[in-house]
Amino acid sequence: MHEVSIALGMLDELFRIAQENHAIKITRVKLKIGKMSGIVTDSLKFAFDAVKLEHPLLSQAEIVIEEVPLVYKCNDCHVSFNAADIYFPACPECGSGNLQLVSGEEQHIESVEVEI
Amino acid sequence: MCDTCGCDHEQSHTHSHETRTVDVNQSLLKANEDAAVSNKKHFDDKGILAINLISSPGSGKTTLLEKTIEALKDKISIGVLEGDIETDLDAERIRAKGVPAVQLTTGGACHLDSAQIHRGFHSLEHQLHGKNLDVLFIENVGNLVCPSFFDLGEHVRIVLISVPEGHDKPVKYPKAIRTSQVLIISKSDLVQHFDFDLHKIKKDALALNPSLKIIVTSAKTGEGMEEWIDFLIHRLHR
Chain A
1 MHEVSIALGM LDELFRIAQE NHAIKITRVK LKIGKMSGIV TDSLKFAFDA VKLEHPLLSQ
61 AEIVIEEVPL VYKCNDCHVS FNAADIYFPA CPECGSGNLQ LVSGEEQHIE SVEVEI
Chain B
1001 MCDTCGCDHE QSHTHSHETR TVDVNQSLLK ANEDAAVSNK KHFDDKGILA INLISSPGSG
1061 KTTLLEKTIE ALKDKISIGV LEGDIETDLD AERIRAKGVP AVQLTTGGAC HLDSAQIHRG
1121 FHSLEHQLHG KNLDVLFIEN VGNLVCPSFF DLGEHVRIVL ISVPEGHDKP VKYPKAIRTS
1181 QVLIISKSDL VQHFDFDLHK IKKDALALNP SLKIIVTSAK TGEGMEEWID FLIHRLHR
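So the sequence lines, in the order shown, correspond to chains A and B. In terms of this note's numbering, the first sequence opens at residue 1 and continues consecutively. In terms of this note's numbering, the second sequence opens at residue 1001 and continues consecutively.
Excised from the complex, chain A in its bound form (with noise of 0.2 Å):
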């Protein structure tokens, strides 16, 4: 259960992020998280809606997470695939096995909406 380490490590984040841009309140964090990342949007969620509360800069803050595919591009013939999973896709054009992951491991802040 790393996602309440992921999440206190956030919060600690958005305080740097909110004294920075002078904010009185957080009202919206979105992240982007890769289907191959590993964190469980739900138990991201829920850790970070526990712990936020404790905070008034971040009790009313909202969790937008836009889960980001899993991409491949093909070392062979340069096509890029969405593939459902990891486990082991071909390439859909030449049937290569020589692949490249081009997104799907995101684990990331993309901004902050904030109150000033």
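Rather than coming from a laboratory, the hints here were simulated on the basis of the structure.
SDA-like cross-link-like pairs, simulated, lysine to any residue; straight-line CA separation at most 25 Å:
id	chain 1	residue 1	chain 2	residue 2
1	B	K1046	B	D1034
2	A	K25	B	D1023
3	B	K1067	B	D1088
4	B	K1175	A	S5
5	B	K1202	A	V102
Guided by the hints, dock chain B onto chain A, whose structure is given.
Here is chain B on its own, set in the frame of chain A:
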């Protein structure tokens, strides 16, 4: 205080609070990643090779360390940070082999983070009395999921999977495989007793991480130990 928004103004003020979107675009784990960069710089400045061992509980991390210390104790200087939820049993096992060890008990957390490594390394330095280390081993908390999220500033991450755990572990725990540079398949002496497909585990692990180095070991028979020690020495002198 204003009842409407909680700001410091008197109640009568006009609510002109502005909402603004701040672009952040940074990792959710930034605090840990920053601390990892600082740990790594510290290790580099001191010429220390830092190795993070991750695996499920009972895969043989501590046993691998004991055997490694036996083989290398007289040739290089080794220090160990032992991560566990409770007890200092593992640090005791390491100290019994004659090398300095600090136990990091997380009190429930299922992984180590960079701040713990920073503190742990400084307390290990107290045991060194000015002597420099060649290799720092960090034995993470037994868990194949969470430790793979937390960079500790290590140079090499090694994941162990033991034969009794089954050959399906790489595909079930892809992040551990994708973020490691070495896979050690431990307890190879038990292959004959388990329905364990060595070919399949290697194939799946390499499909997830094509540059992964795989070493098959047994602390019991000594299989693979020479290859492991050679890898370490080679990596140390790189």
